[in-house]
Amino acid sequence: MTDLSRRALLGAAGIGAVAAGVGGGYALGSSDDPPVKPAEAALPVPFTGRHQAGIVTPAQDRLYLVALDMTSEKRDDLISLLKDWTRAARKLTAGNEIGVYGAVAGSPLGPPEDTGEALGLPPSQLTLTFGFGPSLFEKDGKPRFGLDGRKPEKLTDLPAFSGDQLDPAISHGDLVVQACANDPQVAVHAVRNLVRIAFGRASVRYSQMGFGRTSSTSQAQVTARNMLGFKDGTANIKVEERRSVDEFVWVGPDDGPDWLVDGSYLVTRKINMRIETWDRESLQGQEQIIGRTKGSGGPLSGGDEFATIDLKAKGPDGELAIPEKSHVRLAHPDTNGGVKILRRGYNFVDGSDGLGQLSAGLFFIAYQRDPEQFIRIQKSLAGSQNDLLNEYIVHVSTGVFACPPGVGRTGFVGETLFA
Amino acid sequence: MKSLAALGVVSLALVSLSACASEDAAGSKGLTVEATDSSCKVSKTELDAGPSTFTVTNKGSKVTEFYVYAKGDRIMGEVENIGPGLSRNLVVDLEKGTYEGACKPGMVGDGIRQKLTVTGEAAKKLSDSAELKAAAKSYERYVASQTDALIDKTNEFVAAVKAGEVDEAKKLFPVARTYWERIEPVAEVFGDLDPLTDGREPDAKAEGRDFTGWHRIEKQLWVAGNTDGMGTYADDLLANIKKVVAQAKDQPLTALQLAQGSKGLLDEVATGKITGEEDEFSHTDLWDFKANIEGSQAAIAALRPVLEEQDPDLVALIDQRFKELDAELNQYQDKSTGEWAPYTDLSKAQVKKLSDAVAALSEPISKVASVVASSA
Chain A
1 MTDLSRRALL
11 GAAGIGAVAA
21 GVGGGYALGS
31 SDDPPVKPAE
41 AALPVPFTGR
51 HQAGIVTPAQ
61 DRLYLVALDM
71 TSEKRDDLIS
81 LLKDWTRAAR
91 KLTAGNEIGV
101 YGAVAGSPLG
111 PPEDTGEALG
121 LPPSQLTLTF
131 GFGPSLFEKD
141 GKPRFGLDGR
151 KPEKLTDLPA
161 FSGDQLDPAI
171 SHGDLVVQAC
181 ANDPQVAVHA
191 VRNLVRIAFG
201 RASVRYSQMG
211 FGRTSSTSQA
221 QVTARNMLGF
231 KDGTANIKVE
241 ERRSVDEFVW
251 VGPDDGPDWL
261 VDGSYLVTRK
271 INMRIETWDR
281 ESLQGQEQII
291 GRTKGSGGPL
301 SGGDEFATID
311 LKAKGPDGEL
321 AIPEKSHVRL
331 AHPDTNGGVK
341 ILRRGYNFVD
351 GSDGLGQLSA
361 GLFFIAYQRD
371 PEQFIRIQKS
381 LAGSQNDLLN
391 EYIVHVSTGV
401 FACPPGVGRT
411 GFVGETLFA
Chain B
1001 MKSLAALGVV
1011 SLALVSLSAC
1021 ASEDAAGSKG
1031 LTVEATDSSC
1041 KVSKTELDAG
1051 PSTFTVTNKG
1061 SKVTEFYVYA
1071 KGDRIMGEVE
1081 NIGPGLSRNL
1091 VVDLEKGTYE
1101 GACKPGMVGD
1111 GIRQKLTVTG
1121 EAAKKLSDSA
1131 ELKAAAKSYE
1141 RYVASQTDAL
1151 IDKTNEFVAA
1161 VKAGEVDEAK
1171 KLFPVARTYW
1181 ERIEPVAEVF
1191 GDLDPLTDGR
1201 EPDAKAEGRD
1211 FTGWHRIEKQ
1221 LWVAGNTDGM
1231 GTYADDLLAN
1241 IKKVVAQAKD
1251 QPLTALQLAQ
1261 GSKGLLDEVA
1271 TGKITGEEDE
1281 FSHTDLWDFK
1291 ANIEGSQAAI
1301 AALRPVLEEQ
1311 DPDLVALIDQ
1321 RFKELDAELN
1331 QYQDKSTGEW
1341 APYTDLSKAQ
1351 VKKLSDAVAA
1361 LSEPISKVAS
1371 VVASSA
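As you go down the protein sequences, you meet chains A and B in turn. For what it's worth, the working numbering labels the leading residue of the first sequence as 1, then goes sequentially. For what it's worth, the working numbering labels the leading residue of the second sequence as 1001, then goes sequentially.
In short, the hints are calculated from the structure, not lab data. One thing to keep in mind: the hints can contain errors.
Within a straight-line C-alpha distance of at most 25 angstroms, the following computed PhoX-like cross-link-like pairs (lysine-lysine) qualify [unchecked claim]:
1) K1115(B) to K1133(B)
2) K1335(B) to K139(A)
3) K1171(B) to K1242(B)
4) K74(A) to K1242(B)
5) K1323(B) to K74(A)
6) K74(A) to K1353(B)
7) K142(A) to K1353(B)
8) K294(A) to K314(A)
9) K139(A) to K1352(B)
10) K1353(B) to K139(A)
11) K142(A) to K1352(B)
Facing chain A, according to a computed beta carbon distance under 7 angstroms, are these residues of chain B, among others [said to hold, decoys possible]:
12) A1270
13) G1272
14) V1315
15) E1363
Because the structure is a prediction, the values reported are computed rather than measured. Note that the Cβ used here is the ideal one computed from N, Cα and C, for glycine as well.
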């Protein structure tokens, strides 16, 4: 059966959703007009491939990430859930309604298969990236889902870092789904429908919305700013840097386990920012803490945003141009044995706290070949004696997940784990 | 407006369409419509009565629409705004007769029309099915047994309240309510009596009426610790409940309402009991919780022969999920006294587990109504 498209990809064409009285919101051009090339931000990103999409895919503008716990202990339920999710993900990422009858064409007496809030919206470069937490493989020392001996050695909860104030309720999870899109409604729609599919097999542990990607993952992207007002991710691994991507992002054949080859490890950290006190810090102070200028994003050792960082450079006063405890220095590969990670974080605002202060920060996301990469960098940064930025930030959640390789035109996400 | 009006027509026409989610069940008729700027080719023009799925593909350069018209251009189904190169599905349930399929390239004019002839048995009306009648009858018997007990227990509760026996009244409150909560969908059919008997204080205030019913007396018993001034409220409660019961006897539920009621009871649990807001003074929510579940189970039991025939997998899943929910819930009942733990004793994690189990059951139960409709 042909999939139900939420909306024509051709810029001028409307949608079938009008059949339900939902307007497309786009004026229809005369059919004599030349076809309009759709904006890239509206296009689909292929769901299939050697690797899962949403990792080296140029970072979209919006995030909705959800972590779930299995409520069933049956292996069949886990496998059927991954199959059902894969089937839905194929449709969602293509901008189609899920199910056979979609949002409005089914029996009027039954609930619609698709929840419908994305009717009329383009695919918006939606990617859905799935990962498995350590607790999926074993809980209380006992293997689950017949996955005895399948847990990657490196998939263990991250060690405690100095200064962490972790809340277990928003940490960990058996399963994770990272939905990224250029339209938040498209990302929310995808997650909502996947959660609905999971009822009875898995339930939501926590979820997080993010906006304003804080990392550029492609040379074609302008570096975005985080909630501190600084450009973030200037020195990130870019998709075009094939060698860095292979060396630092994908699990290789020699790394093991076999089922995870071409996959990656995802680390999540919710980092609350003490926004109001940061805003009272002087410009110079802010720049010294970060190690870059606030305007251009260039390193304090000189040059524009992309100038090579000179960690040895000294200022006219004879002091290190990039302070010893600045964020950039401590996070720099040269400080960490050459280690890099692919960052893919998003800003968040969860409203205000009871005192009228912004509950905001960075939902940090990084992909790496080995969680040790993140651990090494975070050890350099964490603690009141290290990164100067720690006075203004606090890590409140943590998560580590093994993201299986990509899926082909048949099969399902994570299939290699059960082979 | 046209679209909405048309949808209404489709709704009626689709009553006997199965919404089975299995992909294998899709496109039972596999009809295709090839629309271009100047033609409209329907793969088959002689159709069988029942639901038909048209897959409309626009091979032209203009945005098009596809309609199925009955005599006098009554719209039986439509799919609009099919862009060039796109396909859309239209499911429409047609009885014996002649119809017209119409493509409208450019979305204007009367369209390029094609005659469609539908033969065979017209779909039966929902109310005609003997099985469904039997299901409704079976549930009627359940309601009758519950309403008798409801009146008895409410009588006892009212007597205790009027006698000023606070402890006895407190004991009887959740017991009498059990019978009420089991048949809540019946009570809710009679819109104005439900708020009077089972309404919440903030709603009564917002609607500018006196706070009455179960929860008015509950507040007095648990907050004030006496029954002062409760005589009238107790009498009114009993009178209103008798009215509901009498009306229910006059106007039994249909099988479809029954199916919707089984879902409605779980919605009650998910929105009222899980949040602990139903019995906010007595915290006897778990009594109501269990009663809602039992009521939902009774509705499913009445519909079982129909469901078994139409969708045995769905029944199996529902049975399993009921079992899982019961296992989760029953740990909070004292087996010797039959009393349920106060809702406030449950930890957040325990509430989450109950909520997960209710959600797991609610999903398959939400499909029951369309399955019942498809059995007609």
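Ascending list of hint numbers which this structure does not respect: 1, 2, 4, 12, 13, 14
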